[in-house]
Amino acid sequence: MKRVYPDKEYCIGCHLCELACITAHSASKDLIIAYRDERAASGLSPCKRVFEKGDTCVAISCRHCDEPSCVAACISGGLHKDPETGRTVYDRDKCVGCWSCLMACPYGAIRRHPIENKIVKCDLCEGRAEGPACVQACPNAALKYEER
Amino acid sequence: MKYVIIGNGIASIGAIEGIRKVDAASEILVIGAEDSPAYGRPLISYLLAGKIGPDRLALRPAEFYEKSNVTLKLGTTVTAIDTEAKTVTTDAGETIGYENLLIATGGIPFTPPIPGADGPDVYNFTNLAHAQTLISKAREIKRAVVIGGGLIGLKAGESLFDRGVEVTILELSPRILSLAFDENAASLAGGRLAEVGLAVRCGVSAKEIQRDSAGNLKGVHLTDGDFLQTDVVVIAIGVVPNYGLAKESGLEVDRGIKVDDHMRASAPGVFAAGDVAQARDLLYGDDRVIPIWTNAYNQGFCAGKNMAGADVRFLGSLAMNSISFYGLPTISVGMVNPPEDDASYEVTAVLDEKKKSYRKLVFQDDHLVGYVLVGDIDMAGMYTAFVKFQMPIPEEARRQLVAGEPDVLMWPDDFFQETWNPGTPE
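Which chain is which? The protein sequence lines are A and B, in order.
Numbering of the first sequence is given in the numbering used here, commencing with residue 1 and proceeding in unit increments.
Numbering of the second sequence is given in the numbering used here, commencing with residue 1001 and proceeding in unit increments.
If you are wondering where the hints come from, they were derived from the structure by calculation, not from laboratory data.
Please note that the accuracy of each hint is not assured.
[Stated by the list, open to error] To spell it out: a stretch of chain A is covered by chain B in this simulated footprint if at least three of its residues, at any positions, have a beta carbon under 8 angstroms from a beta carbon of chain B; those stretches are:
1. 5 to 13
2. 85 to 98
3. 103 to 112
The beta carbon of each residue, even a glycine, is placed where N, CA and C say it ideally should be.
One chain only, chain B, in its complex shape (with noise of 0.2 angstroms):
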């Protein structure tokens, strides 16, 4: 087989695309250890709320897969790679050559040693089996726990609760969104489900899970003491890289897969992309994994093409996320908490708490590094555009940008002729 793929999430579409930008016609293997073809994994939210129907997962449409040439082997999980004969293995015994494999295994939940986890009614909330067991779950619970006051913990506990389910978000941190987001995101966020009526209890855990001698669950001992009662406990405090089979391959292993700037692995014809991969990082200039939508698409598009011959480089992840909280709306990219003993970044916020509105930017000397939005979103992109082109920035730009006014006519003049009106005299 010229190519095959190990997974069937973002990064295994990016990689489909990428292929076909080089090579239109050679076979694809993509072998998916889930059930359906490739969905949008954030949407097992949305679909847990209730906010979409089963119909609108699907990321490509039904014929994507014919009209690119891909055969999908789903329900299916390869239990080795030999690098040396250029095979992988699958857990039906069968034998698969390949001249080129992407390894795009995302992310597993990540579930810490918590006495009672074990048995029923503990569950994770990362994959749409996760999403269907708690919506077939809340016909018939009142009270839901959530561990974890991060992205996927915030929308699991929201969707619990548009089922009706009373629910407490427990967050071992000092606040919630610790990783995205900064205190005032996280507070005007905080309070608008605070708002609606879930519970948002931080610097707390779950000490112990209590089940009675039937080994039913009956609720939560927590660190500070205190005792909730509740009939289902969801584990949502993060994914790690799901590289078992590559470091038992031989693969060169980190924190992910390591790649070059080419998304190659250790072995040849080997590459990885996504949540399990440790690329290159956009504004810090090292390898890391960067479990975010977008990065996974772009690196499996780049290894895509890459596989197919091309000589592409990966530009480099870019930390980027958006998600509303009952409308209220939430962009934070790049590097939102610089770290505060280094004179070289400069930090100017507006909040509004009235409005709900808050505007962080982040300056490292003369180049926008990151920034959060809340409530006025509308010019996100405009702010992107100077993280990821990594534009320099004269005094009287970064006024406007501060002001909450950027625009493409602050762009070097090249830099913008190239953009919009190319092959034109200046």
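Okay, chain A solo, but in the shape it has when bound (with noise of 0.2 angstroms):
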């Protein structure tokens, strides 16, 4: 399957990745709107996690992993495999809030939804035609979407 690879030595840490993110996941597709109205009104925030270290940078999130820690955490059915495409998927309805899985990841990539008893977790914007918007967005083609 195509995941999301982060390359630390092409990130120039500029977080374009996230915009881009909370873009794609918001209602209503607009940068402007999205970061200054949704985030404060709906606790919209990116599936990613910039990290820096000095000159070095990282743009993390879900490594939509084979043998995934957080599906063998949920205590709620709330996360799952899907047989077809590899994805880990999250159903939000079935998601208690126990944050089994966000301490279960040793990867770092689920975090808790900043209003509701929810997570959030890349999903690889699936549905988009263009593929997920953070390799889109990036400028310096650190983040590639390719099968490996």
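Build the complex: two chains, separate frames, hints provided.
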């Protein structure tokens, strides 16, 4: 399956991936409305995390592992592996906000929704024709969406 | 039958998914004592609290079993295993042959002998039937006493309180949550419960359950001489491995069913997983029963693959708990209360009682072996990485961890590349 691979040699730490992510997951699909209004009103937040250490940066998100720890830890059936697409799929309606996945994922790829008892996790921009928005927005091709 | 699984909890789900990784077709038979398809056992406290309805209990969608070619035989108890003939016998009198058998019978509530406990209105809280009973009971009662201040007891108490019941929780040890947490975390959690209105009494337990001449429950005599009037008693001291069946079948049992590093029990073609199994612990290196949700799934998954002919070693159990008390989240992973007299351990702790936030890290030499977070839990997974992958932590990285800023750039470079950006030149 295709996954998003971050390259720390190319990442410049600009956070544009985060902005693209929230835009893609917003109701308005408009960066300014998403950033200025939806973040505050609905707790819209990015699925990515950007880490920086000196000159080195990297933007990470869910790896859609073959055998994910989050699925093993989920008590509600809210996370499962789709056998056809290979994606680690989040079912928001089933989630009870117990944070077991957040604890179990050693990649730090799951965060709490700032308002609701739900998690925020990369869905590889499911349904978006151009593929993951973060990859498309990366100005230095530090994020690659490919089969490896 | 190619695969027979006794038990229908999370270890069983793990095993089905493990088998299907290797063998896409052969039929699997699951025999479960309870009546419903596998449900999220920890969800019974959400159900009792009224936070979710029964429609949200199922762990997998309805079509899961059919798609996975699994036959479910529910409401059925296995009464005997013949490891020579490779058959199991059920309480319906049926005898079923197996090539590969998984025993995933979980745990049963531990009930200490308390005078007066036999009789109506004394309950456990470990399965769906218990939750349903307490839901209907909660409508007609005013008071409940919960015996046991561990995770199950506190969640039972909290859920009954949410149903409008006046709750007192009794814990024999000096503090609640003595197994999974330390004193500071327990005091924050206990404080939160007290703030909401639950009575938590430590250092005391039930001496006798008082009944009237008709056998109706009246109250509980405590070890400190006090008497509590109550309508129901919930005994939630813990669970013990449900290994009776395995023992009677001649399988090797210690604290749980003994398994090797492939989850194999002591007879050919027989495996065990979950709360009933005694398997390798990642941090301690010896075999232990670690009744933790994630371990049950992982052990089942590993057993399933091996049942289907793969050769997969079980990496080891890692104790972990994530649980919230009225909006106060707590997480505990690995070894959180190291032996005090062992100089190889170093503990760092940052407590902010006002913010209800706590971070405790336990190092052994240059490794992180456990941690506790209360309140600010967002970086939990990043700490779990250091425990789980057993990465050596240089001095500078250690300072960063202690400051509450773990990240992936602290990982050894080759491990980072392999994990995040594999298949590319350095």
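How the hints compare with the structure:
1. Counting residues of the stretch 5 to 13 of chain A whose C-beta lies closer than 8 angstroms to any C-beta of chain B gives 4; at least three are required, and the coverage claim holds.
2. Coverage of a stretch by a chain is defined here by at least three residues with a beta carbon nearer than 8 angstroms to that chain's beta carbons; for the stretch 85 to 98 of chain A and chain B the count is 5, and the condition holds.
3. A stretch counts as covered by a chain when three or more of its residues have a beta carbon under 8 angstroms from one of that chain; for the stretch 103 to 112 of chain A and chain B the count is 10, and the coverage holds.
Against the hints set out earlier in the document, no violation occurs for any number.
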